[in-house]
Each structure stands twice: as C-alpha cells, then as structure tokens.
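Work out the full structure: start from the sequences and follow the hints.
Protein chains: 2
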Amino acid sequence: MAANTISLSISSTSRNLSSLQTRVLIPPRTICFPLSSSKSKPGELSLSSTTISKSRVRAGASQLVNEPLNENRPMTSPTIVEVDLGSRSYPIYIGAGLLNQSQLLQRHVHGKRVLVVTNERVAPLYLDKTVDALTRGNPNVTVESVILPDGEKYKDMDTLMKVFDKAIESRLDRRCTFVALGGGVIGDMCGYAAASYLRGVNFIQIPTTVMAQVDSSVGGKTGINHRLGKNLIGAFYQPQCVLVDTDTLNTLPDREMASGLAEVIKYGLIRDAEFFEWQEKNIEALLARDPAALAYAIKRSCQNKADVVSQDEKESGVRATLNLGHTFGHAIETGFGYGEWLHGEAVAAGTVMAVDMSYRLGWIDDSIVERVNNILKRAKLPTTPPESMTVSMFKSIMAVDKKVADGLLRLILLKGPLGNCVFTGDYDREALDATLRAFSKS
Amino acid sequence: MAANTISLSISSTSRNLSSLQTRVLIPPRTICFPLSSSKSKPGELSLSSTTISKSRVRAGASQLVNEPLNENRPMTSPTIVEVDLGSRSYPIYIGAGLLNQSQLLQRHVHGKRVLVVTNERVAPLYLDKTVDALTRGNPNVTVESVILPDGEKYKDMDTLMKVFDKAIESRLDRRCTFVALGGGVIGDMCGYAAASYLRGVNFIQIPTTVMAQVDSSVGGKTGINHRLGKNLIGAFYQPQCVLVDTDTLNTLPDREMASGLAEVIKYGLIRDAEFFEWQEKNIEALLARDPAALAYAIKRSCQNKADVVSQDEKESGVRATLNLGHTFGHAIETGFGYGEWLHGEAVAAGTVMAVDMSYRLGWIDDSIVERVNNILKRAKLPTTPPESMTVSMFKSIMAVDKKVADGLLRLILLKGPLGNCVFTGDYDREALDATLRAFSKS
Numbered sequence: 023m024a025a026n027t028i029s030l031s032i033s034s035t036s037r038n039l040s041s042l043q044t045r046v047l048i049p050p051r052t053i054c055f056p057l058s059s060s061k062s063k064p065g066e067l068s069l070s071s072t073t074i075s076k077s078r079v080r081a082g083a084s085q086l087v088n089e090p091l092n093e094n095r096p097m098t099s100p101t102i103v104e105v106d107l108g109s110r111s112y113p114i115y116i117g118a119g120l121l122n123q124s125q126l127l128q129r130h131v132h133g134k135r136v137l138v139v140t141n142e143r144v145a146p147l148y149l150d151k152t153v154d155a156l157t158r159g160n161p162n163v164t165v166e167s168v169i170l171p172d173g174e175k176y177k178d179m180d181t182l183m184k185v186f187d188k189a190i191e192s193r194l195d196r197r198c199t200f201v202a203l204g205g206g207v208i209g210d211m212c213g214y215a216a217a218s219y220l221r222g223v224n225f226i227q228i229p230t231t232v233m234a235q236v237d238s239s240v241g242g243k244t245g246i247n248h249r250l251g252k253n254l255i256g257a258f259y260q261p262q263c264v265l266v267d268t269d270t271l272n273t274l275p276d277r278e279m280a281s282g283l284a285e286v287i288k289y290g291l292i293r294d295a296e297f298f299e300w301q302e303k304n305i306e307a308l309l310a311r312d313p314a315a316l317a318y319a320i321k322r323s324c325q326n327k328a329d330v331v332s333q334d335e336k337e338s339g340v341r342a343t344l345n346l347g348h349t350f351g352h353a354i355e356t357g358f359g360y361g362e363w364l365h366g367e368a369v370a371a372g373t374v375m376a377v378d379m380s381y382r383l384g385w386i387d388d389s390i391v392e393r394v395n396n397i398l399k400r401a402k403l404p405t406t407p408p409e410s411m412t413v414s415m416f417k418s419i420m421a422v423d424k425k426v427a428d429g430l431l432r433l434i435l436l437k438g439p440l441g442n443c444v445f446t447g448d449y450d451r452e453a454l455d456a457t458l459r460a461f462s463k464s
Numbered sequence: 023m024a025a026n027t028i029s030l031s032i033s034s035t036s037r038n039l040s041s042l043q044t045r046v047l048i049p050p051r052t053i054c055f056p057l058s059s060s061k062s063k064p065g066e067l068s069l070s071s072t073t074i075s076k077s078r079v080r081a082g083a084s085q086l087v088n089e090p091l092n093e094n095r096p097m098t099s100p101t102i103v104e105v106d107l108g109s110r111s112y113p114i115y116i117g118a119g120l121l122n123q124s125q126l127l128q129r130h131v132h133g134k135r136v137l138v139v140t141n142e143r144v145a146p147l148y149l150d151k152t153v154d155a156l157t158r159g160n161p162n163v164t165v166e167s168v169i170l171p172d173g174e175k176y177k178d179m180d181t182l183m184k185v186f187d188k189a190i191e192s193r194l195d196r197r198c199t200f201v202a203l204g205g206g207v208i209g210d211m212c213g214y215a216a217a218s219y220l221r222g223v224n225f226i227q228i229p230t231t232v233m234a235q236v237d238s239s240v241g242g243k244t245g246i247n248h249r250l251g252k253n254l255i256g257a258f259y260q261p262q263c264v265l266v267d268t269d270t271l272n273t274l275p276d277r278e279m280a281s282g283l284a285e286v287i288k289y290g291l292i293r294d295a296e297f298f299e300w301q302e303k304n305i306e307a308l309l310a311r312d313p314a315a316l317a318y319a320i321k322r323s324c325q326n327k328a329d330v331v332s333q334d335e336k337e338s339g340v341r342a343t344l345n346l347g348h349t350f351g352h353a354i355e356t357g358f359g360y361g362e363w364l365h366g367e368a369v370a371a372g373t374v375m376a377v378d379m380s381y382r383l384g385w386i387d388d389s390i391v392e393r394v395n396n397i398l399k400r401a402k403l404p405t406t407p408p409e410s411m412t413v414s415m416f417k418s419i420m421a422v423d424k425k426v427a428d429g430l431l432r433l434i435l436l437k438g439p440l441g442n443c444v445f446t447g448d449y450d451r452e453a454l455d456a457t458l459r460a461f462s463k464s
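From first to last, the protein sequence lines are chains A and R.
Under the numbering used here, the residue at position 106 of the first sequence is numbered 128, and the numbers go up by one with no gaps.
Under the numbering used here, the residue at position 325 of the second sequence is numbered 347, and the numbers go up by one with no gaps.
Any given hint could be a false lead.
Claimed, not checked - Under the rule of at most 20 Å between Cα atoms (straight-line distance), these lysine-lysine pairs were calculated in the PhoX-like manner: (1) A:K425 to R:K188; (2) R:K303 to R:K402; (3) R:K336 to R:K417; (4) A:K188 to A:K134; (5) R:K134 to R:K175; (6) A:K399 to A:K303; (7) R:K134 to R:K151; (8) A:K336 to A:K399; (9) A:K425 to R:K134; (10) R:K303 to R:K336; (11) R:K303 to A:K188; (12) R:K425 to A:K134.
I should point out that these hints are in silico values taken from the structure, not numbers from a laboratory.
This is how it looks when you write it as structure tokens:
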C-alpha cells in the first residue's frame, strides 16, 4: 500500500464491532434485533413497504417489549451504544418514547440552568416535551430556549450569535447545559456554541432526524459554514449523551428521511458489507419508517460511528473514511447554495461520484458501481449532481476541503471487495478529472 | 476553611516554583538572574530610572552574554520556561533579539503554510521581521498575513471573521500554522481562530506587549468579547510555543507598559510575596524598561503562570486566582466601553477594589492595602474606577462573569499574609456592597 493511504477493510484488526460495548440500562428489557417476532433470519428483515404507515413507528416500537406502565405510558428500555473516548466517553440512548423517560436526560444535566437550542420547525413539535423531560420532578432546573430559523443556509455566524446572545442575556454560567433539539444543523451549531460559550459548557444532543441520529449527533464534530465552504469553522467537542427518540421520526418529511439514509448506506460501503446487504433487502422498509428496521439501522450505524470515532477522535486517519462522498457532496452544497439540496442528497450524488472514480482507477468492479446506484435510487436519492455544477466549481470548492494537506486533496475511495475503502491522496489525477467531466459541465 | 473556597498560599505544598523546569536551549549561554554584573543581591535589583533610556533595552540585553556572531548579529540564548500540560506542553522562550533566531520559530511551524495575525500598529514594526524569521533558509514555507484594526473594541466576532476569510481565501489546510503577533487582543483572537479553523490548527504566540508576555499569551485562554461581557466566547487552546522577544518592548507606549505591570503585580499578591517585595524595589526600573529588570519580571511572571496553568488548565480551581481584580476590572472595561481603558488599567483599579473588600472582611491588615495602593500609583496605574461607573453597572455586568456558579459570584480575595489569596463565594455580601459603594456612585 502506498504511503499517504489509510486502508480500512472489514477484515482489518482495528474493526471489531462485536467488541463494542452495547449495553442496556435495564437488562431484562433489552431490545434484540433481528426480532424473533419479525419471522426473519438475521440480515434478512424484509417487510412490505405498502403495509406500513407512518403511524406505526410509535406503535411498532411499543410492541417490542412488554413493560409496566409508568406515568401512564408504556416505557421502552433504551438500547445503549457507548462512545469510548476515555474521560470524554458518553452513551447514545436509542429507543421509542425516550423523551418520556425524564431520568435519562436529567442524569446528564449539570447545574440548574439549561438552554435548549432548536428551530422553528422542531419547536412546535418537541420543545414542550423536552422542557417537560428536563424539569419533571426536578423543580430546581430552569430551562431557557432559543428558536433559530430552519435550514442549512442559517448555519452561519450570525445565527450562532443568537445562541450566545440568549445565553448571556439569561446569565447562564459555566455550570449550565446546552441541549440541541433538532437535526444536524441544530446539533452542529449548538455543539459549537457549547464549546465556545465561556470557553466550554456541557451539552446534550437530542437528534430528531435520521441524518442526525445515525451520524451528525455522534462523535463531537461541531461547527458552522463559511460562504466559501461547509463546516470550516468549529470544534471537536463531545456531548454528555445523545438521546435518540425514534418517535421523533414520525414527523420527519419524506425528503429528510431519504437524506438520512445516505449516511446509513455510507457505513455499509466503507466498513460493513453485511449491513449494506441488509439495507439492500430493507431499503423500502426504512423509507416506509418500519420501526424495527429503523431501530436496527440507527443502532448499527451508531455502532459503526462510535467504533470509528473511538479510534480516531480528531480525524487524523480512519475517521476521515466517514466522509465517503462528502468532498464531492460539500462542493455541491456550497456551489449550488446551502439548503437547496439536503446534506444527504448531496452526499448521495457525491457517493456515486466517489464510486465512479474508484471504478475508473480499477479499484472496484462494476457490480459495486451498479449496486450503489441501485440502492440510492431505491432510497429516492439523487445519483448525479445538479446540472448547474461545473468542473471548475467542483475543483475550486474542493480545494478548501478540510482533507487537503499541503495542497494535496485526499479522498475516500472504495478499493477491493464491498465494505473496503481507502483515504488517500495517492491516485491518478486523470481519474478525478474524468469523473468530474462525466458528472458535470466543463 | 469554608467549602466553596480554594486557598492558595505561598507555603502551600502545591506551590513549588523552584521545581519548575526552567531550561536553556544552549546551556553555556544561560542567562542567570540576578546578574552578577548588576552588582545587586537577589531581590534587590535597584536601578536609577533616570539613567536608562528606551534604546538600552536591546543594548542591555545584548550585553548579558558574550556570544559568537551569527548572521552578523549578536545572538542571545533564550531563557525557557516550560508549561507542563502532558501532550499539550510547550516552551516559553524569553530573551532579547529572539525574532532574529529563526530556528526557534521554525521548529514549531507545522506544514508549509503560515498565517500571521497582527494589527495595524504592530505590522509596520515587526511583520517583516517575523516573516523573515519564519522563512529564512526555509523556502518551502509561505506566509500570509491579516492585519486587524488595533484595540480591545475590535476583539469581536466581526473582526474574527476577517481571520477566517483570509485563511479560507488563502486555502490554508489543517497542516497550517497561525502566528499571533501583537498584544493580548491579537493573541486571544488568533488563538480562538486557530482553535476553530477547520476545528483546530497549530498556532504560535509572539507577544509584543508586557501584558501579553507576562500573562495573556501563556496558558491557552483564547476568545473574544460580547457586547455584554469580556471574553465570554472562546476556547482553551494551547499554542505550540510562546516566543517573547523583549526587544519588541522598545516600541511599546508608556501607557501599555504600565498596563502590563498590573499583571506582574498580581502574581506577587496572589502567590509570590518575594516577587512583590522585589517589585517594590524595582517598579521604576521596570517602567523605565531596564532590560535586566524586565527580563527577570517576565521570566518570574511566566514561571508563576506556568505553574498555575499546569495545575489547573481549564480553571476548575486554582487557576481562577490569576483573575485577582479581573471581575471588577472586566466590569469597568465592559461598562466604560471596550478600549477606553487598557486591560491592565482596569485590572489595577479592580485589584484595589478586591483588596479593599478583603480588608473590609478582616482578611488582611491595612499595611497590605497601603502597599498595593502605593505600588500601583508608582506604576502610574489608576486606583479607582472611572467616575461614570455606578454600583448597579458593576452588579449587572459582574452577574455574567465566568466565575459565577449556580448564581453565586465567586471572587478572588486576599487572605492572610502577603502572597495569599482565596477563590470563594463564601463572603459577607455587605462587604461587596460596601466596596462598590466606596468606589462608585450608587
């Protein structure tokens, strides 16, 4: 293997998903997947999407376990994935109805003051519920909130300042806790605000989109965009916990649902072929929000993410592989205009481009190219960039990508059998040019 | 001692200046102080200020050692104070003419790209010299620079964005190095920019004021002001090294010189009575920029700062004691208008207020009050706040101080013999009110 290349394969010793700590808070209530009741063999959950409605998300999840009533609601025990980072370790709680379990959140609140950062779309749906979860039976805690405009185009310094303004006007001190309630934009902005406010306060992630639940809320990458590039200003800053209440997906628009699946598909391609094969059988079930399929996909995605982040918190190596398709994708988001395409949509088209380039380099066979195109189309994601993107736009925006080192653009490319990738600047420039020409105007 | 109080005394076991690593890069060229040529006993350097001109700073420093010529300049060996923070440890180089010793800087530059952040006042004086030091004999390194407006009132988000704009437009990648060339404002802003750019790049501090050389460049506190309070947005982020070229003080205005001495005096009061006694004998020599006196005061201040920071990097306890007078002082800076008073001027008045309150509490005797007033007046620093400050202004601004915890304002107050202080929220509120009334309008 050439220097300047990091290889990550499913067979490498560094990857050991089975050794990941996945514990359950109340052991007898463990949710196991695949569920015996689903009548499927492992890796073979196949459900007809036509029989599943959105309303089944809560119902399905509630059916997973038989539990005593608590506060008149059925309580499910969360699945817990640990992110192992020494003194900065934290749990990801995954389950239906977790926002009803106030003790989960309250154990991670430091001090008596909380600031919930959310947006105009999420606030009417979940802000009251979140405030209730933070304060129920805990009258000493007071909660402030700041409601930001919704969308990637507001992930900027001006909007971030509204969080600081609110925190300072509310006289929040170093012992306060920030809570991010929303999708990836809210999580990234709230996390960066928490990293910077009084030089760092505690924070908690409550992701409400698939994108945030499977990817952006885990691992401590926080930040904002610059007009010239995505996520160029920020911090590595880990939360106290991540609380994934899968019920929040009930209200997620279809386009957002599909966008999140782009990141789920990514984990399969870069390091978990078995998961990819499972997705090929279950992609329609995921789109149709089958609760069991979603719970499994979220848990397995978080396990993959936690495993990678634990090995390389600050992206000096293997963590970069989580950015498959993102260098092309960020160029689309920046060039086409923040918020025009959702992040996952841009990543999907970017993934097709990275796979195309990998094939041009002779690193993968054409069956992988075909399978990637197929699954993304089934997920209702784009497989080509917007028509207005040109070769020169891609080149100029990619030049400020964070993975450029000493002027050399390093990319995540697939290499070998399904589930294997490399992070490398050691590739034939002609293959990159050919891919850019094939997918955009010159 | 009451709970919620941290005591730091000269006799405490945690303080052991003599055990601090103070090494010299090239041992035979060690600068020892007190100098045998100064004909003074330790702690008794007394020089007549009337015989010392500014131009002697360089000359004086050059006279310290006999050295071979290198690149046609006399080379002095730096004194080195280590800041011991495990994997984030770094050296502080102190000496005259260090900007001429390019190897000192170059060993700490990572990658091939450097961004020098400086201001309109410092750039004409030292930017070319700094670029030369970074590039001499090292043609692979290219240097960009961004020149900010000068002054505390520009320590804000809008000005910080100019640093990001320049870095991104220059396509600097994660392997670049930011260099702060200037006083405390530049160091704090450049450090926060380095902490945030691409989620963190390397940086180097080249402080050019006494304030920055003895205090703000050491210890990794970075940040910007908010209109409602000082340094409320920032990060703990350590530099690769701090390079203190005492020659840069040649061009420092008298008012800036005095401002820096407020922090020097602080070290004596909170933890180093012997240093305070030395200052009482040498304050005029310092004001007159006697090179040997300055070199000693800078080294001993850095040793004190390094010792405290090594014990408590993120200010969970003892590090807060470095803020003697700062809670009152920040209120003055915020209330009176950023930049109207220099930071050290506000700290000086704030120190008098903290000492007054300590006396009202019965924690120190009146001789300390008198000595503090005397030395600050001799240093040509203010000992009362601006007349426009009111009790309510102090109270409302101090309520957002970073040392407030769960609504309780903790202060650094002197207690016991000279050189002893406490960091506590356990004090009689009436003493605080009495001090505020004594020093400002109601």
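* **Enumerated hints in conflict with the structure, sorted upward** => Of the numbered hints given earlier, those the structure breaks are 3, 5, 8, 10 and 11, listed in rising order.
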